[in-house]
Structure formats: structure tokens, C-alpha cells
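J.: Spelled out from the first residue to the last, the chains are:
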Amino acid sequence: MKSLAKLILVLFLFSSLLAANGPKEDGKYLEKLITYTLKTDGSWVKDVRHSLRYDTYYATRRLAGETFVTYNPQYQELKVLSSVTTMKNGKKVTIPDNALNEVLPHDAHGQPEFANLKEMVITHTGLERGSIVDLHYQILTKPEFKTYFSGLEFIKDSVSTDKLVIKVEIPGSRELYYHLSGLEVKPQLQNAGDVRAYTFTFENLDPTFHEPMDSEHDQPFLVFSTEKQWSGVFNADLEKLEISGCFKKQIDKMKTKYKDPLLRLVKLQKMVAEEMDGSHLDENLTGSHMRSLETVYKSNYGTALEKALLLERGLAYLGAKGELLAVAFDNGFSENVASLDQVEQYLVKVGSGESAVYLDPFHEMANVIPYKLAGRQVYNITKKIVEALPVYCACKNSLFISGSSKELLIAAKGRFNPFVTALTGDQKALNKKLSKLLDLDDLEVKKILMLKPEEMKVLVTFPDGFIEKAAAGLYRMAKMHIPAMEDDLAILFSRHNPMHLDTPFKVHYDLIVKPCDKLRVDYLAPAQKIENDLGYYRQEVLKQKDGSISVNLETAVTKNLVLPKDYSVLRQVVVNALAGAPMIILKK
Amino acid sequence: MKNIALKKYDKLLVEVWMKRFSIIFLLVLFSLSAVYGQVDLVKLLNSAGTAKDYKDSDYMKIFDTTSVKMMDSGLSHVTSKTFYKVLTADGAKHLKSIIFDYDPQSAYIEVKAAAVVRRCGKKIELDVTAVKDYPAPARAIYWGARQKVLPVGKLFPGDGVYVETYRKGFTYALLQQESAPGDERYIPPMKGHFYDIVPFYSDVPMLKKSYEVSVPASKKLQFEFYNGEARHWSHIEKDRIRYYWEKKNILPEERENSMVSWSDVAPKLLMSTSPDWEAKSLWFHKVNEDFGSFEFDAEIKQKVDEIIAGAKGDWEKISRLTHWVAEEIRYSGISMGEGEGFTLHKGTMTYLDRCGVCKDKAGMLVTMLRAAGFDSYPAMTMAGSRIDRIPADQFNHSVTVVKMDGQWHLLDPTWVPGVRELWSSAEQQQEYLMGIPGGADLMTTPISPPENHYLKYNIVSRISKDGTLTANVEIRADGQSDSNLRRRFTRRMLNQWDTVLQRELFELSPLVKISNVYHLDPIDISKPFLLKFTMEIPAYAKQGKSGLYMTPLSNNLPLNELLFFQRIKTKDKTKKYPFRTRSSQLVKVTETIKLPAKYKLAGNPGFNSVKGSGADFSGSLSLRGTTVSIKKEIKLKKRIYQPEDWESFRQSVLEFKKPDGGVLILSKGGAK
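Protein sequences appear in the order of chains L and R. With our numbering, you'll find the first sequence wraps up at 588, consecutive numbering, no jumps. With our numbering, you'll find the second sequence wraps up at 672, consecutive numbering, no jumps.
Hint data in this document are derived by calculation from the structure and do not stem from the laboratory. Just so you know, these numbers come straight off a predicted model, no measurement behind them. For each residue, glycine too, the CB sits at the ideal point set by N, CA and C. All the pointers check out, no bait thrown in.
Examples of chain R residues toward chain L, derived with CB under 7 Å: (1) A138; (2) R330; (3) Q502.
Throw the hints in and build the complete structure from the sequences for me.
T.: Right, here's the structure in full:
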């Protein structure tokens with residue numbers, strides 16, 4: 001009897017504990033089944049079924065109240081086979097017809113030639129906390145859509161998954177190349193008649209945690225393709241594409257106006273990357289189909305690949321032979337699985353060796369060297385080889401600022417060098433960029449002492465000086481702004497995911513501050529020195545014999561990839577570098 | 001007296017000339033329109049100015065003319081002609097395609113003509129058959145809205161684009177008969193009536209904007225031009241009256257920080273043939289009652305009984321039902337097809353879908369309140385902007401009213417998820433129109449006392465010898481302050497809640513360490529929210545030669561985004577336009593700081609009291625032994641403030657931010 005009472009008490013306590021704590025997660029995938037079936041005629045079907053439980057208002061309102069499926073109706077057909085919500089009391093709510101609505105994918109907005117693309121919005125009705133949605137849909141793709149068959153599936157989701165099965169079925173006569181990044185699971189292979197099936201089964205998957213400066217490609221994913229050769233994923237007609245007379249005319253005009261060969265390259269890059277609108281649509285919606293370069297130019301917008309080709313052909317017309325590079329994502333790249341699912345962006349390389357410059361056909365470009373893509377794997381479409389971009393250490397991405405209160409010498413290397421702005425001679429824009437870089441108002445360039453893609457040396461003035469009024473009779477010098485030392489580098493106490501920095505970097509201020517005679521020094525920041533494997537932070541503020549004060553601040557982060565286990569080490573450097581303590585306090 | 005008479009004569013003369021001029025102008029306009037696209041467009045293009053004349057603008061409109069013909073049924077035929085000029089490469093990108101939004105259930109649009117005029121004068125006719133028609137991109141509301149896009153293509157600075165369109169219909173889809181033939185669907189719901197809201201302001205330079213409407217003489221059109229002037233005339237032409245407005249050289253205006261919606265203060269024209277708001281109210285009431293929007297079935301009745309079971313009194317029943325709808329009917333709009341628009345989805349539909357937009361949530365609450373025996377109706381309002389007296393349709397939001405003790409009370413199930421209110425005080429001083437039997441006039445929501453939205457900080461701090469700050473912080477909040485605090489958690493996934501304070505306090509100092517975190521369940525709104533934690537910041541206070549320098553936490557408040565004045569810039573000494581905060585608010589801060597040794601206060605770090613129409617402030621700062629005590633209280637008295645409220649508002653905020661520069665200076669050698 002006593003033990004029964006104890007058991008009841010334990011059960012009561014347990015259940016009240018559960019009730020008090022509520023759910024630990026916003027929801028859970030009870031099951032997810034994704035099947036790709038490639039048919040002998042080259043068409044394929046993607047079949048998706050999932051069973052998702054919603055445990056919080058966040059889940060119903062923000063996480064998965066709707067399912068969005070994009071497709072290209074010219075080559076694909078979407079069939080929403082069923083969507084049923086089982087409410088907490090067991091009541092089944094079948095999705096009504098008006099809950100299936102087609103809209104234009106946002107990435108196609110303002111692009112008339114992509115106005116046929118569709119995004120199906122499946123609004124799940126009957127949702128409440130504790131309800132379960134069972135969804136089943138298929139996308140049927142015609143063989144003409146792409147020159148090859150491929151897919152990429154992330155294994156984990158933002159809520160945990162009890163069971164995930166990804167199955168890829170291909171005709172026995174075809175080969176499948178696949179790469180599972182971040183997990184070691186072998187597929188089960190089955191041969192039935194003329195069909196070979198690869199089945200990947202995953203159970204009890206943790207949820208993903210979104211954190212600042214993480215990369216989705218650090219999460220486990222499966223990429224597969226029927227192509228092993230990268231040349232096979234690009235439309236064979238690419239090489240035949242020609243630019244229009246109108247574009248040639250614009251290039252001729254530009255050529256007449258600018259004589260410097262590098263400036264011409266940069267101006268052409270601007271014509272394609274900045275003066276034309278960019279479309280974020282990719283192969284998943286456009287397939288392997290390319291518009292003619294004449295159409296692309298005349299429409300004034302282009303996808304990443306279209307713009308890359310336009311730039312490469314434009315360069316050829318200019319007399320500069322460019323190599324077209326497809327740049328892989330920052331993690332998990334597999335050379336043996338040829339698929340554009342692994343490509344993040346394109347570059348056009350002009351020249352070779354150390355003098356090579358890299359032009360970005362899609363984004364505004366600060367420099368002609370891709371410091372922020374250092375070390376990335378690329379497929380060289382022109383040469384038909386896989387290679388890697390050069391790697392640049394922290395010393396190649398450095399900023400050295402020296403001088404006195406009103407005149408500074410800035411030596412900016414790598415990522416800190418606004419080379420393109422300086423090269424194009426836009427003085428106002430350069431002042432603005434450097435002001436932003438150092439977070440100093442009204443900074444003005446007096447003289448450019450050196451200008452190379454690797455480094456710029458420039459003499460600047462700024463009217464305000466470093467000393468600012470803090471209160472009545474009190475003045476201070478705040479800590480100088482350290483570019484690239486962002487809050488996101490240390491905002492969390494610990495991390496689940498690796499952290500990706502744009503580049504390793506180094507910043508050094510060596511300043512002399514001369515307070516006016518009426519002010520006396522009341523406080524100088526103490527010396528600090530923190531050094532470890534991932535970087536350092538040093539500061540020294542000293543009063544000199546002539547009454548001036550020297551301020552020396554040096555910091556660096558030496559790696560661009562920081563694993564969760566090393567995060568606390570880096571954080572030690574970053575929090576001290578970011579702590580906004582005054583360097584100097586002066587009193588009247 | 002003489003002057004006044006002269007002025008009247010002048011005015012008369014001007015009117016006569018204006019009429020004559022109008023006729024001449026019309027003739028010129030006619031002749032111009034006949035040759036539009038040739039020489040005249042080129043002339044206009046070349047004389048319009050360049051990027052140097054219009055800094056910060058990427059393109060401009062050389063003219064934007066609209067001509068409307070209203071029919072007896074209320075149907076309107078609208079012809080618009082717009083001539084754009086590209087000023088920069090970004091402008092060329094913007095105009096590469098021109099998009100027209102419409103709802104096929106109630107509107108029709110056609111591009112009649114379009115041309116590119118190159119800066120060299122070459123005119124290229126655009127193929128209007130190339131216009132694409134497709135479902136518009138959408139999020140949250142899926143009502144079948146569509147877009148048409150005109151491909152324009154590559155443009156260069158200096159080029160012009162001329163577009164002529166024809167439209168009929170109106171913005172909202174309304175209750176329709178099943179087999180509406182022909183133009184029936186384009187006739188507004190208040191049959192025989194017409195309204196329009198015409199902005200005479202622009203985000204890009206506009207050299208000329210004109211609007212002309214021709215209405216049957218039998219219709220009484222009332223109109224008003226707000227916040228400025230426009231050239232205007234009206235002519236009687238047989239059985240019709242033509243009205244015309246024109247404004248030249250409209251430039252983008254600089255906005256003030258935290259100002260009210262630009263449409264509240266910018267020039268605009270409102271017109272309506274509807275006699276008054278009562279007529280609109282009666283129509284709104286009838287259209288939903290006739291449709292049966294609020295009929296409930298046994299399942300709804302059972303749910304209502306379950307929700308209100310055990311409630312102590314009517315207000316608790318109303319509160320439970322309002323919050324049930326707020327939380328359980330998520331905001332996601334699916335169309336019921338014909339009838340979408342002002343017609344509220346039937347309660348039975350929304351109950352099954354468990355989703356809807358504001359009007360459907362409002363309708364669900366009306367349905368449930370009626371099932372519980374209350375007298376309840378929907379109402380229309382305009383979130384974020386003012387509604388003016390002309391009864392044009394200036395609504396973007398729908399809410400619920402319930403009658404208690406002979407009075408109508410507002411309930412907003414859309415704006416109160418996670419809010420301990422029935423009517424969101426983020427909607428104070430907002431006009432609304434009830435759809436009740438007998439009709440109603442336009443009304444304004446009341447001001448909610450700041451005390452209803454208190455935010456109380458209680459901070460007990462200690463500074464150690466090495467300057468380390470240790471503080472126990474307690475934050476209590478209610479009303480809009482409470483919901484703002486909860487939202488820090490509820491807008492993140494559950495597995496991110498642990499990082500909320502890390503992210504919020506990092507701004508105070510990257511060196512911060514946090515412990516002893518305690519808070520109530522952010523989902524449970526039965527009690528005002530409470531958050532407690534301990535924080536430690538090394539080297540927070542700086543020991544100088546002559547004293548200790550520190551920023552009291554009361555001046556560097558954790559989670560300072562909770563202060564509704566935080567983003568309001570106090571740099572400007574005066575305001576030209578009304579301004580707003582999220583809500584009225586009372587902020588009370590109490591802090592004690594235990595110092596490592598005895599100091600005395602340097603300078604004059606006290607506070608000045610402020611009282612005024614915008615805000616009040618009071619505060620005190622004292623040092624006793626080794627303990628500094630700071631008390632501050634600021635009352636933000638409303639949500640929408642007039643320029644004359646700025647003085648007390650600004651002074652209160654400046655006092656709240658004392659000590660000057662955020663630094664408390666303590667001199668060595670305090671009395672023993």
C-alpha cells in the first residue's frame with residue numbers, strides 16, 4: 001500500500017514537473033520520407049511525406065504553419081496528394097481547396113521572363129498545440145529540365161526528427177554518385193529488376209541550432225548526382241553564347257573613356273554586377289536552361305550564371321581572357337559528385353599566378369582578390385578542372401593605423417583595402433568607406449601613397465580628433481573601433497556550430513594623442529595582453545615625457561574557422577577587444 | 001475692410017482666369033496627348049532635370065495623370081498616364097520592369113500603351129502584348145492577388161518610360177452574387193457610391209500630378225484636400241460634373257524621427273459620394289449579418305462553454321474568449337473566394353481552419369461572444385494611420401466590439417497574442433468605425449494611462465575594489481511593457497530561450513557574466529511578467545587619480561529596448577510633425593550602488609523634475625556612506641503626440657539619461 005502511495009506520489013510529481021516545464025522543443029518530425037525516382041526516359045519524381053507534431057504557438061505561427069514548394073510549371077508538375085491535420089482530440093481536418101494557393105516565388109519578383117515560376121503555399125488548417133500534420137506531395141520533372149539528375153537534402157531540421165528515410169532510385173544502367181556530409185551512415189542498396197535503390201535511414205536526429213556566423217553546410221547533408229564529371233552539369237551550349245551588339249557598344253564606349261587595363265576590368269564588372277539587376281533564382285527553378293546573352297543584357301537582370309557568362313564574354317570582347325569559376329559552398333564539398341547544388345557563386349579569373357584578378361559578376365566588389373572566399377574549392381568551367389582559391393593569412397588582411405589626433409596614416413591590406421573604390425577615383429565614396437571602416441565621422445583622404453590590390457596606404461584627416469566631451473569638465477578618448485571584430489564573434493557564451501569568419505585578420509592602432517594644456521590626465525587604461533592559439537589582444541596607453549599620450553592597440557584573429565570546442569578560447573580575445581572601456585579620461 | 005474686399009475681388013479674378021486657363025490647359029493637354037510619345041515627350045524629358053538636380057533620387061516622374069469616370073452604379077473607369085525619367089543606374093534597374101498589382105475578384109487592369117524614349121530622342125514602342133499576368137508574391141495573406149508586369153528592359157540614365165493604363169474596379173473584394181455577370185464584380189459594395197484616396201506626395205520627384213474625376217450630376221461628391229493645396233476646378237458638363245486637382249513640383253520630403261505615418265501629414269485628396277460614416281457603418285453591419293458571418297454551430301457552442309466554465313463574471317468570460325481567439329486562431333489568410341474583403345469569414349469556417357486574417361479573427365470572436373450570450377459586432381480601424389472625416393475607405397484592420405453596461409468596448413484578438421490586454425494599447429488614439437445596428441459615427445480609441453504599462457527596474461549593485469560590478473536585477477512589467485518583455489522569448493524557438501539574456505546583455509558589456517536567471521513562463525499571461533538575474537562585469541568602474549568613474553546601471557539599463565522612448569532621438573529641439581511611441585508607459589527605476597570606499601559626489605549630478613503634456617519626469621540621486629541611491633520615474637503620457645508635446649517629452653528623456661554623458665563621477669575623500 002505504501003509503495004503504491006509512493007508510486008502515485010512519484011507519478012504525480014513527475015507529471016506536475018512535466019506540466020510545469022512544458023515542451024522542450026517547438027515540435028518534432030515523427031517521420032519524414034523523401035524518395036527520388038529517376039526513370040529510364042530521364043524524367044524523375046520527388047515524393048515527400050512527413051508527419052510533424054506542433055507543440056508550441058511558435059511552431060504553429062512561425063515555424064511550419066505553411067509548407068512552401070517552388071517549381072517550374074514549364075518542366076515540372078506539383079501534386080499535393082494529401083494534407084491532414086490530426087487535432088489533439090483526434091479530429092481529422094483535411095486541407096480545404098482554398099488552402100492551396102500558388103504565388104510567384106519572391107526571387108522571381110520583377111523578372112518578367114521568370115513570371116511563370118510558381119510557389120505553392122500549403123496552409124495547414126486545424127493547427128493547435130499537440131496537433132500532427134501528415135503531408136504528402138510529389139514533384140514530377142520532365143527530362144528536358146536538366147541535363148543531369150541530382151538532389152541535395154539536409155538531414156536535420158530545426159526540430160528533432162524521430163525517423164528520416166531518403167531513398168534514391170535510379171535505372172540499373174545509370175550510376176549514382178553521392179556524398180553524405182557530416183554523418184557516417186551507409187545506404188542500403190537494393191536491386192529490383194532494372195531499378196537500383198539507395199536507402200539512407202536516420203533515427204533520433206537532434207534539432208539544428210541557428211547561431212550567428214554559422215553555415216548551413218556544417219549541418220549534415222546528402223548530395224547526389226548521376227554526373228561525376230563537372231563538365232556534364234553545364235549546358236553544352238554555354239560556349240556558343242554570344243553577347244549582343246548593344247553590350248559591345250557599351251564596352252566600346254567604356255574602352256574609349258578608360259585607358260588603364262585594370263580600371264577597364266573593374267568598370268566592366270560594375271556594368272554587369274551593379275548596373276544590372278541580379279536574380280537569385282538558381283538551377284533548382286531554371287533547370288539547365290539559359291537565356292541568350294542578348295536577352296539577358298536587354299532585360300537588365302540576370303541569374304548568377306547568366307551574369308558570369310555575360311562578364312566572361314564581355315571580357316573576351318575587351319581583349320581580356322577570363323576563366324569562369326564555379327565556387328563551392330564553404331563546407332562539405334565533394335569533387336566526385338558533380339552538381340550545381342554544391343555551387344554558391346561564380347567568379348571570373350583574369351590572368352594567372354600572383355597577378356591574377358578575380359571579378360565577381362553578381363555582387364558589388366571591394367577588391368579584385370577574393371579574400372573572403374580564400375581556400376574555397378572551385379570548378380574551373382573554362383579549364384574543366386577542380387582547383388582551390390588561394391589562401392590568405394591574417395597578415396594579408398591587416399589594418400595599421402598610425403599618427404596623431406588629426407592626421408592618420410592608414411595601411412589597409414586585403415579585406416580592409418577598398419581598392420576598387422580608390423581605383424575608380426571616387427573621392428567621396430572613398431572618404432565614406434574609410435569613415436565607415438574606422439567609425440570616424442567626416443574622414444577625408446589627403447593623399448593616396450600607395451594603391452595595389454594587396455595594399456593601400458593613405459593619408460587622412462578628420463576634424464573631430466579622438467578626444468570627446470563626456471560630462472561637464474570631463475573629456476575622454478573612447479576605445480577605437482576595430483573593424484571585423486564583430487559582436488557576433490562572441491555574443492553567445494558557447495556554441496553548437498562552427499563559426500565561419502570572413503577572413504583571419506589583424507588590426508593595429510599606434511596613435512599619439514596630444515591633450516590641450518587645460519586638460520590633465522586623470523585615468524589611463526591599464527595595459528592588457530591576452531594571447532592564445534586563435535588570436536591576441538594587446539593594449540598599452542602611456543603618458544610620454546612631452547605630455548602626449550601614446551595609445552597602442554593590437555589585435556588579431558588568426559583563423560577563419562572556429563570549432564565549438566575552441567570557441568571559448570577565441571571569445572576570450574574578442575570580449576576584451578570589444579569591451580568599450582575608455583582609453584583616457586581627462587579633467588579640466 | 002478695403003483690403004478684404006480687394007482680396008475677394010482678386011480671388012474672383014483668379015478663379016475666372018483659372019477657369020479660362022483650365023480650358024486652355026485642357027486643349028493643350030489634348031493636343032499633347034495626341035502627339036505624346038513623339039516630340040513632346042522628348043522635350044519634357046530633356047527639360048526635366050538630371051541626377052544633379054535631384055540628389056538621392058534614382059528616377060523621377062515627369063507627369064502622373066489620372067482620369068476617372070464614375071458610372072451610376074459606382075463602377076469607375078480609370079485611365080492613368082505616367083512618364084518616368086531614369087536618373088541613375090539604380091533607377092534604370094528599378095524601371096527595368098513595371099509592376100501593377102490587382103485583385104482579379106474586384107479589379108481589372110490593362111496596359112494600353114508603353115514606350116521607351118531614349119535620351120537621344122529615339123522612341124521605341126513597347127509591345128504591350130508582352131505583359132505577363134501571374135499570381136503575386138505573397139506571405140501571410142493568400143487571397144489570390146495578382147500582378148501584371150510590363151517588361152521595359154535595359155535603360156540608361158536620361159531615358160524616359162511612358163506608360164498608359166486602364167483600370168476598373170476597386171481595391172477590396174466584397175460580397176458578390178454567385179453569378180455576377182460582366183462588370184458586376186467591379187462595382188463597389190456600397191452600390192452607386194464611389195470613393196478614392198489620392199496621395200499628392202511621392203518618394204521620387206514628380207513634376208506634375210493631376211487627378212480628374214467625372215461623376216454623374218445626380219451624385220453628391222464630397223471631398224477635401226488635406227495638408228496642403230492643389231490647383232482645383234469643377235465644371236458642369238450636361239449630366240455630369242468634372243472635378244480636377246493638380247499639383248506641380250512634388251519633391252520627396254525629409255521625414256522626422258519617430259513621426260506619425262507620412263500619409264497623416266502629407267498632401268492628399270479624399271473624396272466620397274457616401275454621405276457619412278453612419279452609412280458606411282450600417283452597410284458594414286448589414287453585409288456581414290446578411291452573409292451569416294457570426295452564426296455558430298454546436299461544436300463552437302461546446303467549445304465556448306468549455307472556455308468560460310467557472311469564469312467569475314462577464315469580463316472574465318470576455319477575457320478568456322478574446323485570448324482563446326488571439327492565441328488559437330493563428331494569423332494566416334486563406335481566401336473564401338467570392339465575398340473576400342470586408343466580409344468576415346463565417347465563424348464555423350475560421351473555427352475549423354484555426355487561421356485567418358484580422359477580420360476573420362474579429363469575426364470568430366464575435367461568433368464566440370454571441371454563443372456566450374453577449375452582444376457583439378465587428379468594427380473597422382486603421383492601424384498606424386489617421387482616418388479623416390471624409391468617408392472614404394481608410395481601413396486596414398478589423399476588430400471586435402462587445403456591449404457591457406450599455407457601453408461598447410473594443411477587443412482586438414489580432415493584436416493581443418501574448419499581451420495581457422483585451423484591446424492593444426499600441427492602438428491608442430486610433431479611429432474606428434463599428435458595424436452595429438443603427439450605425440455609428442467614426443470614433444477614436446482612448447488613451448491608456450501610463451500606469452497600465454509599467455516597467456519597473458529594481459537594481460542592487462556593488463562595485464568591488466578592482467572596479468567589478470555585481471548587480472541583482474529585477475524587472476517587472478505589465479501591459480505593453482509586459483508584452484514587449486515576453487516577446488524577447490516568444491519570438492525565438494524554445495531551444496534559443498537560454499540565449500536571450502546573453503544576446504540582450506552583450507550590448508552592456510561583452511565581458512558580462514550572467515547567473516541566477518529566473519523568469520515566469522513567457523507564454524502564461526495570467527500574471528505580469530517578472531525577470532530576475534545576477535550580472536557581473538569586470539573592470540566596470542574606472543579608478544582615476546581624482547575619483548571613480550562609472551555609468552550607473554540605471555543609466556545603462558539592461559534590455560533598454562523595453563523603454564519606448566529609447567529610439568526617439570532628442571537631438572532636435574522642436575518637431576514639425578506629430579510623433580509616436582509604441583504606447584504610453586511608466587518607467588520606474590530604483591538602484592542602489594554599494595561602493596568600495598567612501599566618496600563624495602562630484603559636480604551636480606542631480607535631476608530636474610519635468611511636467612508637461614507629453615511626459616513627466618522626477619528623479620533623485622544621493623550618497624549616504626558608501627551607498628549611492630538613484631530613483632527615476634518617467635511617464636510617457638500617450639501614444640501619439642503633437643509637436644507641442646515634444647518639449648516636455650524631450651526634457652523628460654534628457655533628464656532620464658542623466659548623469660550627463662552617462663558618467664557618474666565620485667571624488668575621493670567622502671566624509672567619514
